[in-house]
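> Sequences listed follow chains A and B, in order.
For any residue, its number in the working numbering is found by taking its place in the first sequence, counting from 1, and adding 20.
For any residue, its number in the working numbering is found by taking its place in the second sequence, counting from 1, and adding 150.
Just so you know, not all the hints are guaranteed correct.
Unchecked claim - Chain A regions said to be covered by chain B (calculated; three or more residues, Cβ under 8 Å):
1) 180-187
2) 223-235
3) 336-343
4) 374-382
5) 397-411
Claimed, not checked - Simulated DEER-style distance windows between Cβ atoms:
6) R319(B) to R367(A): 26 to 36 Å
7) S202(B) to D395(A): 50 to 60 Å
8) G295(B) to S172(A): 50 to 60 Å
9) T302(B) to A39(A): 17 to 27 Å
10) P167(A) to E332(B): 45 to 55 Å
11) P58(A) to E335(B): 53 to 63 Å
12) T302(B) to E285(A): 30 to 40 Å
13) M341(B) to D395(A): 50 to 60 Å
14) T302(B) to R292(A): 26 to 36 Å
15) E285(A) to R319(B): 29 to 39 Å
16) T302(B) to K387(A): 28 to 38 Å
17) Y371(A) to G295(B): 47 to 57 Å
18) E340(B) to E59(A): 49 to 59 Å
Think of the hints as simulated: they come from the structure by calculation, not from any bench.
Beta carbons are placed, not taken as given, at the ideal position from N, Cα and C, and that holds for glycine.
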Amino acid sequence: MSDLVLTRHQGAPGLTALAGYEQVGGYRSLRRAIEMGPEAIAAEVKASGLRGRGGAAFPTATKWSFLPKDSFPRYLCVNADESEPGCFKDRVLMEEYPHQLLEGVLIAAFALQVNHAFIYIRGEYRSQRELLERAVQEARQAGYGGPNVLGSGWDCELMVHGGAGAYICGEETALLDSLEGRRGQPRLKPPFPAVKGLYGQPTVVNNVETLSNLPFIVAEGGARYAALGTEASPGTRLFCVSGHVERPGTFEVPMGKTTFRDLLEMAGGVWRGRQFKAMQPGGGSMQILGPQHLDLPLDFKAVADAGSSLGAGALVIMDDSTCLVNVAMRLVDFYRHESCGKCVPCREGTYFESELMHRLEAGLATKAELTNLADICANMDGRCFCPLGDTATWFVMSAYRMFPEEFESHCGAGRCPVREPLAVAV
Amino acid sequence: MSAPVAVWGESLELPCPVGGEGGGVAEASSSGVALSGSTLARIREMEAKYPSSRSAVLPALWAVQDELGYLPPWTIEVVAGELKLLPGDVEAVASFYSMYFNHKPGRHVVQVCRNVSCGLRGSDELLGHLQRALGLDAEGNTPDGAFTIEGTVECLGACGGAPMMQVDRYSYENLTPQTALEVLEKIRAEMPAGTGSK
Ligand SMILES: Cc1cc2nc3c(=O)[nH]c(=O)nc-3n(C[C@H](O)[C@H](O)[C@H](O)COP(=O)(O)O)c2cc1C
Ligand code: SF4
Ligand code: FES
Chain A
21 MSDLVLTRHQ GAPGLTALAG YEQVGGYRSL RRAIEMGPEA IAAEVKASGL RGRGGAAFPT
81 ATKWSFLPKD SFPRYLCVNA DESEPGCFKD RVLMEEYPHQ LLEGVLIAAF ALQVNHAFIY
141 IRGEYRSQRE LLERAVQEAR QAGYGGPNVL GSGWDCELMV HGGAGAYICG EETALLDSLE
201 GRRGQPRLKP PFPAVKGLYG QPTVVNNVET LSNLPFIVAE GGARYAALGT EASPGTRLFC
261 VSGHVERPGT FEVPMGKTTF RDLLEMAGGV WRGRQFKAMQ PGGGSMQILG PQHLDLPLDF
321 KAVADAGSSL GAGALVIMDD STCLVNVAMR LVDFYRHESC GKCVPCREGT YFESELMHRL
381 EAGLATKAEL TNLADICANM DGRCFCPLGD TATWFVMSAY RMFPEEFESH CGAGRCPVRE
441 PLAVAV
Chain B
151 MSAPVAVWGE SLELPCPVGG EGGGVAEASS SGVALSGSTL ARIREMEAKY PSSRSAVLPA
211 LWAVQDELGY LPPWTIEVVA GELKLLPGDV EAVASFYSMY FNHKPGRHVV QVCRNVSCGL
271 RGSDELLGHL QRALGLDAEG NTPDGAFTIE GTVECLGACG GAPMMQVDRY SYENLTPQTA
331 LEVLEKIRAE MPAGTGSK
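My request is simple: use the sequences and hints to build the entire structure.
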């Protein structure tokens with residue numbers, strides 16, 4: 021048996037269609053799950069040690085257990101908003117294994133006794149949205165979705181809901197507001213969605229990758245899934261490797277047993293024969309790591325101890341020609357653009373950050389202004405309404421701490437000393 | 151904005167003047183422009199599908215934009231009327247999300263990703279080349295109205311193919327400044343552009 025979960029059917033013909041997925045045993049787990057009943061499914065998920073793949077790594081079984089026992093209707097929302105910079109794994113899971121996702125959604129919906137599941141997909145993924153809509157139609161026609169699923173008496177409507185361009189809608193409460201037909205702005209927690217979510221009812225929000233693991237967990241058992249990784253970091257995970265590597269792509273690897281260096285090698289190593297300079301391990305929101313961290317395992321705690329996080333599973337590699345001021349400026353611009361404007365520290369802070377980073381990149385900032393950067397970030401981190409504002413400071417501050425000379429050498433240089441800035445304005 | 155602003159409550163129910171597929175009733179603006187019957191049918195179908203009709207706002211705005219290419223102010227009124235909301239509620243949504251347009255864009259919308267992974271592999275050079283070669287105006291439009299080029303977009307989830315651009319719904323990956331321009335020239339000439347992933 022191979023040690024893959026999410027991509028174990030890779031290469032099988034016609035997987036995006038129902039018939040192809042059934043050929044590889046598709047939807048047998050759903051049948052089995054219905055026989056097992058909600059409690060037994062939850063027990064397997066618990067045994068699997070599965071932790072959310074959307075970024076926060078919250079244990080899935082624990083999240084499910086927060087739903088109040090006798091409050092109905094309940095909802096399941098699938099987070100397919102994937103817009104973390106550097107992240108493209110959910111796209112692969114939807115494009116190549118759409119029925120595996122739907123089967124996972126249906127298993128979760130049954131386990132949670134939900135009659136309405138929504139897949140919230142970012143607006144830019146228009147083709148993927150239509151692909152999922154077709155898959156939902158097929159699943160319904162085959163009796164896997166809709167009324168009286170597989171004759172069990174349980175009804176489950178699946179709806180694919182398209183966003184329209186807003187990174188913040190990946191944050192679970194903003195996602196709920198967006199799904200309710202409002203501006204996507206985060207809600208105050210508590211109450212958490214498990215208690216008061218969509219339409220004020222108990223709701224579970226889970227990531228695409230998280231749920232795509234369920235068909236395997238039901239088929240093979242939670243213990244077998246867990247054993248693929250280590251005790252502290254169970255299972256496998258789909259990592260996206262991009263940036264300065266020879267062969268960027270997604271790689272499913274066992275957690276805990278694989279290192280960053282292994283991933284870098286799978287992606288063909290640093291491109292053009294250049295040297296490794298730094299990496300961002302969890303997507304745009306996470307802190308920078310250096311060459312001294314390459315041999316760390318993909319383990320939640322090991323990466324946290326190094327001052328960063330595996331976040332959404334995106335590894336961005338930067339070679340020795342990279343200007344980190346330039347990279348940080350790009351990220352800060354992104355957060356400025358995506359700040360939802362609800363709270364002042366983030367709305368104003370990202371603006372100050374971005375103005376300053378542009379001056380720094382152009383070699384116009386003074387050393388005193390650079391000191392301001394730390395002040396601005398200190399006034400944001402921990403003071404924002406939602407994590408977007410906090411994370412808008414993490415890369416830039418960690419890069420400044422790891423490469424202070426690089427930031428300082430920009431001051432008064434009249435240009436980027438690492439890489440000539442290009443005049444581009446759109 | 152080009153279309154005149156309709157006043158709340160003024161939207162008319164007229165027989166569909168353009169005979170849209172749905173063949174039903176069309177909503178019209180005070181200037182006589184109307185949504186097709188099929189767009190209205192889509193909105194009504196969405197409204198019925200969700201547990202709360204307000205949830206149909208985003209899909210309804212998509213339906214309108216699919217037909218007209220953008221959201222003229224009078225369509226906000228029509229959507230609000232259909233979903234029994236205040237125009238302000240719909241306008242608040244339309245103005246929040248970056249993919250809804252309040253101006254008519256070029257025939258094709260081109261999103262050039264300049265986030266980290268694309269930036270590391272040359273997206274700025276790519277965008278600079280397109281700007282110079284296509285003679286874009288300040289809003290990123292080509293003079294012939296074929297393209298609107300956007301350079302401030304989110305990471306488009308194709309970092310494995312960086313640098314990339316998305317033209318309408320199609321993703322073009324592993325580009326160079328030259329191949330990006332070639333793709334656009336082919337699309338302009340309505341030839342199959344080939345290298346798109348979807
Ligand atoms: C600003 C922000 C953006 C987020 N974007 C996403 C996203 O695109 N996809 C996702 O699954 N989770 C995203 N999350 C995390 C979600 O809030 C939530 O934790 C997750 O969907 C829960 O699913 P999981 O437990 O299966 O990981 C984001 C969080 C924040 C604060
Ligand atoms: S931190 Fe930023 S994104 Fe989050 S609520 Fe405040 S303004 Fe909105
Ligand atoms: S950084 Fe360009 S697609 Fe992700």
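> All the hints need checking, so say for each whether the structure fits it.
Verification of the hints:
1. 180-187: holds (count 7)
2. 223-235: With 0 residues in contact (Cβ-Cβ under 8 Å with chain B), the coverage given for the segment 223-235 of chain A is violated.
3. 336-343: Coverage by chain B holds here, the residue count being 3 at a Cβ distance below 8 Å.
4. 374-382: Answer violated; 0 residues pass the 8 Å Cβ test.
5. 397-411: violated (count 0)
6. R319(B) to R367(A): 26 to 36 Å: 31 Å, holds
7. S202(B) to D395(A): 50 to 60 Å: 44 Å, violated
8. G295(B) to S172(A): 50 to 60 Å: 55 Å, holds
9. T302(B) to A39(A): 17 to 27 Å: 42 Å Cβ-Cβ, so the 17 to 27 Å window is violated.
10. P167(A) to E332(B): 45 to 55 Å: With a Cβ separation near 50 Å, P167(A) and E332(B) satisfy 45 to 55 Å, so the hint holds.
11. P58(A) to E335(B): 53 to 63 Å: The hint (53 to 63 Å, Cβ to Cβ) holds, given that P58(A) and E335(B) are roughly 57 Å apart.
12. T302(B) to E285(A): 30 to 40 Å: 35 Å Cβ-Cβ, so the 30 to 40 Å window holds.
13. M341(B) to D395(A): 50 to 60 Å: 54 Å, holds
14. T302(B) to R292(A): 26 to 36 Å: For T302(B) and R292(A) the Cβ distance comes to about 29 Å; the hint holds.
15. E285(A) to R319(B): 29 to 39 Å: 34 Å, holds
16. T302(B) to K387(A): 28 to 38 Å: The hint (28 to 38 Å, Cβ to Cβ) holds, given that T302(B) and K387(A) are roughly 30 Å apart.
17. Y371(A) to G295(B): 47 to 57 Å: Violated - the Cβ-Cβ distance for Y371(A) and G295(B), about 33 Å, lies outside 47 to 57 Å.
18. E340(B) to E59(A): 49 to 59 Å: Since E340(B) and E59(A) have Cβ atoms about 58 Å apart, the given range 49 to 59 Å holds.
When the structure is compared with the earlier hints, violations turn up for hints 2, 4, 5, 7, 9, 17 and for no others.
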